[in-house]
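Q: Read off the chains here:
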Amino acid sequence: MKKLSARRRHPLAAVVVLLLALAATGGLYTAFAPADKAQADTSAQSLAIDEGKKLYAVGCASCHGTGGEGSTDGPSLVGVGAAAVDFQVGTGRMPAQQPGAQVPKKKVIYSQAEIDQLAAFVASLGAGPNVPTEEQYNPEGADIAEGGELFRTNCAQCHNFTGKGGALTNGKYAPTLEDVDPKHIYEAMQTGPQNMPSFPDTTLTEKNKKDIIAYLDAVNSDDSESPGGLELGGLGPVSEGLFGWIFGLGGLIAVAVWVAARTAKAKKS
Amino acid sequence: MSSQDIPEENLPAERAADEHAHAHGDVSVAANEKDPFADPGLPPHEHRIQDIDERAAKRSERTVALLFTLSMLATVGFIASFVTIPADRIVYIFPLGHISGLNFALGMTLGLALFCIGAGAVHWARTLMSDEEMADERHAIAAEPEVKAKVLADFKQGAKESALGRRKLIRNTMFGALTLFPLSGIVLLRDLGPLPEDKLRHTLWSKGKLLVNMNTDEPLRPSDVAVGSLTFAKPEGLEEHDHDFQTEIAKAALMIVRLQPENIKDKQELEWSHEGIVAYSKICTHVGCPISLYEQQTHHVLCPCHQSTFDLSDGARVIFGPAGHALPQLRIGVNDEGYLEAHGDFEEPVGPAFWERG
Amino acid sequence: MSTTTTPNPSGAGAPGRSREKAPAGERVADWADGRLGIYSLAKANMRKIFPDHWSFMLGEICLYSFLIIILTGVYLTLFFHPSMNEIEYHGSYVPLQGQLMSEAFASTVDISFDVRGGLLIRQIHHWAAIVFLAGMFVHMMRVFFTGAFRKPREVNWLFGFLLFVLGMFTGFTGYSLPDDLLSGTGVRFTQGAILSMPIVGTYISMFLFGGEFPGGDFVARFYSIHILLLPGIMLGLVVGHLILVFYHKHTQFAGPGKTNKNVVGMPLLPVYMAKAGGFFFLVFGFIAMLAAVASINPIWVLGPYRPDQVSTGAQPDWYMGFAEGLIRAMPGWEINIWGHTLVLGVLIPLVIFGVFLALIALYPFIESWVTGDKREHHILDRPRNAPTRTAFGVAWVTAYMIMLIGGGNDIVATHFHLSINTVTWFVRIGFFLGPVLAFIATKRICLGLQRRDRDKVLHGRESGIIKRLPHGEFVEVHEPLSQEAMHTLTAHEQYQPAEIGPTVDENGVERKVKGPQKLRAKLSTAYFGEDGQIPKPTAEEYKEITSGHGHH
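Chains as they are written, first to last, in the working numbering: chain A, 990 to 1258; chain B, 484 to 841; chain C, 5 to 556.
By construction, these hints were calculated from the structure, which means they are not laboratory data.
Heads up, the beta-carbon is just placed ideally off N, CA and C, and yes, glycines get one too.
Be careful, since some hints might not be right.
As the list claims (entries may be wrong) - Stretch-level coverage of chain A by chain C, calculated; a stretch enters the list once three of its residues show a Cβ under 8 Å from a Cβ in chain C: (1) 1058-1067; (2) 1158-1167; (3) 1177-1184; (4) 1187-1193; (5) 1221-1235; (6) 1238-1249.
Stated by the list, open to error - Calculated pairs, DSS-like style, for lysine-lysine (alpha carbon to alpha carbon, straight line, at most 27 Å): (7) B:Lys633 x C:Lys155; (8) C:Lys540 x B:Lys517; (9) C:Lys460 x B:Lys517; (10) B:Lys517 x C:Lys265; (11) B:Lys631 x C:Lys460; (12) B:Lys517 x C:Lys547; (13) C:Lys265 x B:Lys631.
For reference, chain A alone in the conformation it holds in the complex (with noise of 0.2 Å):
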């Protein structure tokens, strides 16, 4: 089975290696802000944090409140982490479009740069998870089959086997894992955005996580083998009992008409 492409260490290399340091900064912060707030203006990571205060005022305050303390129209931020932001932005879901079941994956809006700035601002309120290392979400080397295992366990039931996503309560939805990015999987797993459950390294281990994105990049990526032939979306037998009807029925009842029909006469006309 294929292994973790290239394509998953270059690009984002750099910008990893600078959220690295704001989380682990920002984690510092948020233990030691309070106690000189003077000195830390000058460093780069109270830098981020007031940029990311600004961005926050403009795009997130109004349904968060402006200290992050949530409204009615969205929940607190206090100890939600840099993870939890850098999923929700980094994924398009946030800043929310309109009020609705659920919040839809869109578009990116925020640079990378922008979101860390957001994501130092928003973990400086309280303790929350980090944004997760190459190192962590990388899969390289993990198990893939105890992933498989872990996967069923604990994701497939909403996911699906797959992870083609499948439906909630009211209009609510698992979405598809499809083309998500190993970090974002691993950040939902570690903050459960919106309805989703989290999976804390305590009950998931770390090495859970790496198995599991093992799995789903095996499974569910551009290239994934579906040795048998078309996927048919990978839904299972309804799809399968669709194709079944319309192209296995429909094409031999087509066959049944030619074979039945009368061969065309010679008309003198």
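Take the given structure of chain A and dock chains B and C to it, following the hints.
A: Positioned in the frame of chain A, the structure of chains B and C alone reads:
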């Protein structure tokens, strides 16, 4: 329900035209004038181009032969594919995706080989065999009255000679014997399985059993379980390699979530929880699917099989779908070492309801 | 096709003299005739006439896919291990490496990846099963809507119906054999459904599964049911079905030269031998190509069954979708009384499932009771000419389809961006409302089509040519129909509604009218009264109009 009450005139009359419609197009002008809708009989046969033009017929012949030849080639292709393509070769074929080369090659060659035989035969039948329509007479299915009378008489004779009606003792004992002997067959089925007894009422959970994390195989501590998280647990001592793992986990599987204690609406649920950590059976009370589509904001849990929805913040009562009763809750607490433990077995049977459940 | 068995009765009449001269084929035929009587058999059947119509080949699609299923099924038994022993997987599929699974699952993965051509045969087997059931459904509908189930074919209708039902269960047991996560969930449902049966449910469950679910027995037991018991019965029914088709001779549509007492078409030898024989290869080839391009039931990504795991989108194969829909749409009713539980939420759908299927199975007997018609029918109805029957059939299919949607409500919800609860409510209401609307609409459409046929016969076909009359009026020229067309459009029979008759007999004594009789008269009026059919044109009407002044 007899049909005697229906006067015959309610049934439409057999069409008069039927009588003179057997032969081909021999409807007389007189009949035509009488009934404008009369059956004109089979239309005269018209020739196909292949019937009158030998060159067209030759073309058809060549097409049929070509199809049969294609089939032979495809079979050769099938054998060649079987021998040369490794079973694990994955090829990219648009728009099918990354598929097994062997499966595709074998399927297409086999399909072609068969399809061409069929297409050849049908083309042969359609273009070269006679296409003159023929009529076959139908005959009544029911027997003639004489035949029926003979059969009934024979039967009476046979029945009389057997003396079955007269010698009642033979008849009754024979029926008795024939009725009883299938019982042996039913009795033989007894050992298909054990009696239910109270098997469906108990699970592996008992007082003091630790809640072991399904993912890590480690016992859980309250601090491991965050608010909004979802964890699955099994009873301490149950291992995947155990012989009866499947049967035991089918009843003992546990779903653990943590709520803010003030969000728990049900009094008993709160009592049976530990610091907001609640443990519910993972097995749906409808027909037993592992229910676990947990929405952490609404605290609803949905079954993927038939969409029964339970409210985990309110005693897991059913709020939608076909399940008939709430998910059973496991009473939990912590032991001396700070691990989560069960305070006993489930107090009601887990999984689907059954007649004796009560 | 075979020319070696050409019969030659004169040769058979004098075997001693012609033995040397007769060709080898004839000698073999003589040998067989002396022991099996094949000449008499061939005399009745060799040139048997079959009518040509594509819809008459639907049954053949079923027959051939059934044969394909048997052929491929036998191949699969050579490699499949019907055992639930847990083993660790060490085959060639990496994402399952080292996983615990039953031998049944492991051997199915091996068939897919390590047996060359195994995947193809598995996929042909499964696709053929999907097509088999779909074909039977459409075939059954063809027979229903054309009234081909009427006397003398009621028994064959029941044979066909039984084949459909047994096909569903054979399919279901086969789907369960690989012991994968999807089918295991289906088996779990079955066990839950069995438990819901009052009094005996718990016992049947214990006996079927050899104890508690899942136990270690059900794959082996389903295996013998799937490969032996059910297909054996089905094979017998298929043979019976075919014998009856031969014996009754095929039905045909009305048309010139086609009467209730003949059958018009092509002879079995050679035309149908080539067409039907060829069609077998066409069906087989087509399904093989389907299996080459489209994946079905990729159990390797579904994973081995574990009773504590599940995936969303857990559906059975399509033919169980109707039952699945009923189960999903049902509210969760449960009655606890005297220490016992009545699981109506599961029991009622199961009962409806049976009753709903029985409804269509018994329809021929209901209709023949209403019409009181005891004659043989070999000319097919056009669906429009039996509006009430057609409307009933469409209503039945509508309810069936709505429940199919219900069975896939989660997929419908995600793919049409709907709420699953809304879809479920739509199905709940639609199951009752849909058939009623479909019944009314269908009946009206049928009556409209009947009126159009009537106009066509009486006034001719609209030619599209507009003519201006001398006094300035514009009229459309109607072309009279050919006699063939007029005959075809008026060949159907129309019943008169049954009347109860006077309630007082000729002596003035009151006659008792029983309930069933009243019901029957009512039904008969609904079927054949003024609102039930448009009287077909009579010769008198036609003559009056054609002898009149013109066409408008």
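Q: Hint by hint, note whether the structure agrees.
A: Taking the hints in turn, this is what the structure says about them:
1. 1058-1067: violated (count 0)
2. 1158-1167: Check passed, 5 qualifying residues.
3. 1177-1184: Violated - the region 1177-1184 of chain A has 0 residues with a Cβ nearer than 8 Å to chain C, which falls short of three.
4. 1187-1193: It is violated: at least three residues are needed, and the region 1187-1193 of chain A offers just 0 whose Cβ sits closer than 8 Å to chain C.
5. 1221-1235: Since 13 is at least three, the answer is holds.
6. 1238-1249: Coverage by chain C holds here, the residue count being 9 at a Cβ distance below 8 Å.
7. B:Lys633 x C:Lys155: 24 Å, holds
8. C:Lys540 x B:Lys517: Measuring from Cα to Cα gives roughly 17 Å; hence the hint holds.
9. C:Lys460 x B:Lys517: 20 Å, holds
10. B:Lys517 x C:Lys265: 22 Å, holds
11. B:Lys631 x C:Lys460: 47 Å, violated
12. B:Lys517 x C:Lys547: The given pair, whose Cα atoms are some 10 Å apart, holds under the 27 Å limit.
13. C:Lys265 x B:Lys631: 22 Å, holds
Of the numbered hints stated above, those contradicted by the structure are hints 1, 3, 4 and 11, listed in ascending order.
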